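Chemist: Sequence:
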Amino acid sequence: MKKEIRTVVYDDELRMEAYRLEGIVQPFPSHFHEHYVIGFVEKGERVLSCRDREYAIEEGSIVLFNPGDSHACVQSDEGTFDYCQDLWK
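All residue numbers for the sequence shown refer to the working numbering, where the first residue is 1351 and numbers rise by one.
If you are wondering where the hints come from, they were derived from the structure by calculation, not from laboratory data.
Treat each hint with caution, since some may be false.
To be verified - Distance condition first, Cα-Cα at most 20 angstroms in a straight line; then the derived EDC-like pairs of lysine to aspartate or glutamate:
(1) LYS1393 to ASP1432
(2) LYS1353 to ASP1432
(3) LYS1393 to GLU1404
(4) LYS1393 to GLU1409
(5) LYS1353 to ASP1427
(6) LYS1353 to GLU1372
(7) LYS1353 to GLU1404
(8) LYS1353 to GLU1428
(9) LYS1393 to GLU1354
(10) LYS1353 to GLU1395
(11) LYS1393 to ASP1436
Because the structure is a prediction, the values reported are computed rather than measured.
I would like the entire structure built from these sequences, with the hints used as guidance.
Modeler: Shown next as structure tokens:
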């Protein structure tokens, strides 16, 4: 099984936080951010729930969350999930 890798970088000048997630298999429970979020799915398939709607996301999908958007996702294939995300504070 591929090892999970989670990388977080914060830039004070840009007030931006960037995440890189690789090899993720766990679901992400419902949560929200206080800032805008843009994400890119590099690998894997998930079912994303946001604001009481469900979306299929897969390799190449881009997601955008407004501050306070409650969202969650679960794996919908047998592979792992690789994802990049930026938060603007």
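Chemist: Could you tell me which of the hints above the structure violates, numbers in ascending order?
Modeler: Number 7 only.
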